[in-house]
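**Q** Each chain is listed here by its residues.
2 protein chains.
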Amino acid sequence: MSVEGVHALVRRTHEERVLRVLREHGALSRGQIAAKVGLSRTTLSEITGDLLSRGAVVVVDTDASLRAGSGRPAELLTLDPSSGQFLGVDLGHTRVRIAVADAAHEVMAAGHQTYGPDTGWPERVAIAFDLIDDVGTGSGVSFRALQGVGVGVAGPRPAEPAVAQAFRERFGTTVIADNNTRFAALAEAITEGPDLQDVLYIRLADGIGGGLVVGGRLVTGGHGVAGEFGHVPATGPGAEPDPCRCGRHGCLETVASVPAVLRTCRRRGLAVHTAEDLEAALRRGDPVAAAVLDEAAVAVGQVLAAAALVLDPAQIVVGGRLTRCWPGVVDRVAATIAERAGTATPRVVRAARLGDEDGALGAIAALYRQTPLLAGYH
Amino acid sequence: MSVEGVHALVRRTHEERVLRVLREHGALSRGQIAAKVGLSRTTLSEITGDLLSRGAVVVVDTDASLRAGSGRPAELLTLDPSSGQFLGVDLGHTRVRIAVADAAHEVMAAGHQTYGPDTGWPERVAIAFDLIDDVGTGSGVSFRALQGVGVGVAGPRPAEPAVAQAFRERFGTTVIADNNTRFAALAEAITEGPDLQDVLYIRLADGIGGGLVVGGRLVTGGHGVAGEFGHVPATGPGAEPDPCRCGRHGCLETVASVPAVLRTCRRRGLAVHTAEDLEAALRRGDPVAAAVLDEAAVAVGQVLAAAALVLDPAQIVVGGRLTRCWPGVVDRVAATIAERAGTATPRVVRAARLGDEDGALGAIAALYRQTPLLAGYH
Numbered sequence: 001m002s003v004e005g006v007h008a009l010v011r012r013t014h015e016e017r018v019l020r021v022l023r024e025h026g027a028l029s030r031g032q033i034a035a036k037v038g039l040s041r042t043t044l045s046e047i048t049g050d051l052l053s054r055g056a057v058v059v060v061d062t063d064a065s066l067r068a069g070s071g072r073p074a075e076l077l078t079l080d081p082s083s084g085q086f087l088g089v090d091l092g093h094t095r096v097r098i099a100v101a102d103a104a105h106e107v108m109a110a111g112h113q114t115y116g117p118d119t120g121w122p123e124r125v126a127i128a129f130d131l132i133d134d135v136g137t138g139s140g141v142s143f144r145a146l147q148g149v150g151v152g153v154a155g156p157r158p159a160e161p162a163v164a165q166a167f168r169e170r171f172g173t174t175v176i177a178d179n180n181t182r183f184a185a186l187a188e189a190i191t192e193g194p195d196l197q198d199v200l201y202i203r204l205a206d207g208i209g210g211g212l213v214v215g216g217r218l219v220t221g222g223h224g225v226a227g228e229f230g231h232v233p234a235t236g237p238g239a240e241p242d243p244c245r246c247g248r249h250g251c252l253e254t255v256a257s258v259p260a261v262l263r264t265c266r267r268r269g270l271a272v273h274t275a276e277d278l279e280a281a282l283r284r285g286d287p288v289a290a291a292v293l294d295e296a297a298v299a300v301g302q303v304l305a306a307a308a309l310v311l312d313p314a315q316i317v318v319g320g321r322l323t324r325c326w327p328g329v330v331d332r333v334a335a336t337i338a339e340r341a342g343t344a345t346p347r348v349v350r351a352a353r354l355g356d357e358d359g360a361l362g363a364i365a366a367l368y369r370q371t372p373l374l375a376g377y378h
Numbered sequence: 001m002s003v004e005g006v007h008a009l010v011r012r013t014h015e016e017r018v019l020r021v022l023r024e025h026g027a028l029s030r031g032q033i034a035a036k037v038g039l040s041r042t043t044l045s046e047i048t049g050d051l052l053s054r055g056a057v058v059v060v061d062t063d064a065s066l067r068a069g070s071g072r073p074a075e076l077l078t079l080d081p082s083s084g085q086f087l088g089v090d091l092g093h094t095r096v097r098i099a100v101a102d103a104a105h106e107v108m109a110a111g112h113q114t115y116g117p118d119t120g121w122p123e124r125v126a127i128a129f130d131l132i133d134d135v136g137t138g139s140g141v142s143f144r145a146l147q148g149v150g151v152g153v154a155g156p157r158p159a160e161p162a163v164a165q166a167f168r169e170r171f172g173t174t175v176i177a178d179n180n181t182r183f184a185a186l187a188e189a190i191t192e193g194p195d196l197q198d199v200l201y202i203r204l205a206d207g208i209g210g211g212l213v214v215g216g217r218l219v220t221g222g223h224g225v226a227g228e229f230g231h232v233p234a235t236g237p238g239a240e241p242d243p244c245r246c247g248r249h250g251c252l253e254t255v256a257s258v259p260a261v262l263r264t265c266r267r268r269g270l271a272v273h274t275a276e277d278l279e280a281a282l283r284r285g286d287p288v289a290a291a292v293l294d295e296a297a298v299a300v301g302q303v304l305a306a307a308a309l310v311l312d313p314a315q316i317v318v319g320g321r322l323t324r325c326w327p328g329v330v331d332r333v334a335a336t337i338a339e340r341a342g343t344a345t346p347r348v349v350r351a352a353r354l355g356d357e358d359g360a361l362g363a364i365a366a367l368y369r370q371t372p373l374l375a376g377y378h
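As given, the protein sequences belong to chains A and B, one line each in that order.
Residues in the first sequence are numbered consecutively from 1, following the working numbering.
Residues in the second sequence are numbered consecutively from 1, following the working numbering.
No wet-lab data here; the hints were simulated from the structure.
Some hints here could point you the wrong way.
Lysine to aspartate or glutamate pairs mimicking DMTMM-like chemistry, simulated, CA-CA at most 25 Å apart [claimed, not checked]:
| id | chain 1 | residue 1 | chain 2 | residue 2 |
| --- | --- | --- | --- | --- |
| 1 | B | K36 | B | E106 |
| 2 | B | K36 | A | D80 |
| 3 | A | K36 | B | D50 |
| 4 | A | K36 | B | E106 |
| 5 | A | K36 | B | E16 |
| 6 | A | K36 | A | D133 |
| 7 | A | K36 | A | D50 |
| 8 | B | K36 | A | E15 |
| 9 | B | K36 | B | E75 |
| 10 | B | K36 | B | D206 |
| 11 | A | K36 | A | D102 |
| 12 | A | K36 | A | D80 |
| 13 | A | K36 | A | E75 |
| 14 | B | K36 | A | D50 |
| 15 | B | K36 | B | D102 |
| 16 | B | K36 | B | D195 |
| 17 | B | K36 | B | E16 |
| 18 | B | K36 | B | D50 |
Required output: the full structure, derived from the provided sequences and hints.
**A** This is the structure we're talking about:
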């Protein structure tokens, strides 16, 4: 390698590290960048000066909270927003949602399209492609510098490889695919800030799924099925005699999913058939609805208490349609966790902040984090 | 920076990456090193040739299983064994164990010393220092290139910082301190090979503790207390009416620790006071001992089944004195996990392989893995 080549290589390596943390974290001050990449402020200033002059990096904002000793607010730098687009897709059981974000972490466009629950994967993918075209056209967002596509796929997992391959062929770029609830867990975790390390996320909806962030990383598990909170045996008073769709008995999903709660209410004489019915019953103070929901929340709390003792998360996030039926669900879950796992360790138990866009946003977050390896710079 | 400086920097960076993977993994072939550091074989050959000629790296062995196409067995390289010593210390409730390993991952010396359960932490540390001196003198191992000390500390956690500080002052080197059962988990995980990613480890002894390896990393949790399997509520038929030492009721530790099993046996009329008594009773086929141990194993299996559904480990390792009382314990745990968590996902449930040296070996493994950051090479 020539001497010039070597010099260029070192410079490029420094630059890559700066660009990588900006890609992963969005807007950062120079001080934050220096801390994250481990470069001196002097070396960093040279690098950012050059990147700014070339337009690869831009000043987006000033953040008074990061005010330096000089009294000047710290400037926040990001990647040139137009330098890349990141597409997140959430292929659920009855609808697809997409979101497009730029390299500065701003969501530029989003959309959704419903389909029947019996729609096959090839058709779902075709509907997603049409939606992406429509959203692009409607919003004026181009995908000319598409950096990657993250695709969240509702279980079962076997659909993921074929779906990923279809997106890869269509877009000719990096595609990552994972369970959509796991992506939602990542999205919820980073609503707290990009550095939150340990989060448990559970979603109480038509089924019960979840995801874990451990040490700042989304956990996939040894076989790609981590986060199966729905099939943990539930031991609460509401435990269900009917078998779960997995074939076993007493799974949390048979106690605390929306259909399970509705079924238990009906068995106790309350005619509810949808989450909206349940919500209305709760709002008018129906004691059966309140008791069944309470039992479900206790069962969820018991399962999460055991997981919290093992994993020691900083936050536990409870989301999904059931939690939106009655805000008290999350409080009841929190109280059960405190009772069963103790309060010696401070644990934040909170409701999910994101809505149905969580899967698509988590897919984008995973793309930002899937940073290129330093490998191969010889 | 001068041109010579730049050139030297690139070379040093390559070298550091090679040395780092050898430090972390022990003996590796050139092909394995190339894959792990992401250098081409050509670039790597230059680096390893230079490191070999300087004696920083040595050929330790040939591994026929890594035979190259040429028919020659692949050579395994390691760091020069004498280039560094790594000291592992396990400060338990009633004894300290130490182990010393070299930079090639060979254990050079080991020893242990008992003390009373009421011994304070400063005295335990003083006993450990004496033991280290004795083992060094007795084995002829010098600590002249001590690279670090890993100290496993039996709970509760608050002792760790003071203990770490005492070792830091004594040895003037890097000291890492963590729970000794967590270090044992790491040691057990890597008995399977350096790359095992997802392992749950539980130890059934005077108390019940555990550790997790997720994505190849030891999990500490948001507050440093991950792995508290002992205080997960146990729901098996052996659930205990007396409160746990944590103040709550029904913790796994009140059902499946050695003292809990002995207590339950006594309550049912079997006079056993030590693990050895229990072992003898089991060997002569005592039905009370068998039933109590079976109930304990089922409770452990239920707790691990829930954790396995959430974490999706490749392996679940069950160790501690109780498992050595009767080999069937692990099989019963495995059967319960299969029953409660299903068999769709292949999970290996196995007995621990290491003995009481596991904590000290895990502390050393953690040192190997605590690789210096690439930061600061400007």
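**Q** Hint by hint, say whether it matches the structure.
**A** Going through the hints against the structure:
1. B:K36 <-> B:E106: 21 Å, holds
2. B:K36 <-> A:D80: 32 Å, violated
3. A:K36 <-> B:D50: Not OK: K36 (chain A) and D50 (chain B) at ~32 Å, beyond 25 Å, violated.
4. A:K36 <-> B:E106: 35 Å, violated
5. A:K36 <-> B:E16: 20 Å, holds
6. A:K36 <-> A:D133: 37 Å, violated
7. A:K36 <-> A:D50: 19 Å, holds
8. B:K36 <-> A:E15: With Cα atoms ~23 Å apart, K36 (chain B) and E15 (chain A) stay inside 25 Å; holds.
9. B:K36 <-> B:E75: 16 Å, holds
10. B:K36 <-> B:D206: Violated, at roughly 41 Å.
11. A:K36 <-> A:D102: 22 Å, holds
12. A:K36 <-> A:D80: Holds, at about 19 Å.
13. A:K36 <-> A:E75: This hinted pair holds, its Cα atoms lying about 16 Å apart.
14. B:K36 <-> A:D50: 32 Å, violated
15. B:K36 <-> B:D102: 22 Å, holds
16. B:K36 <-> B:D195: 11 Å, holds
17. B:K36 <-> B:E16: 13 Å, holds
18. B:K36 <-> B:D50: 19 Å, holds
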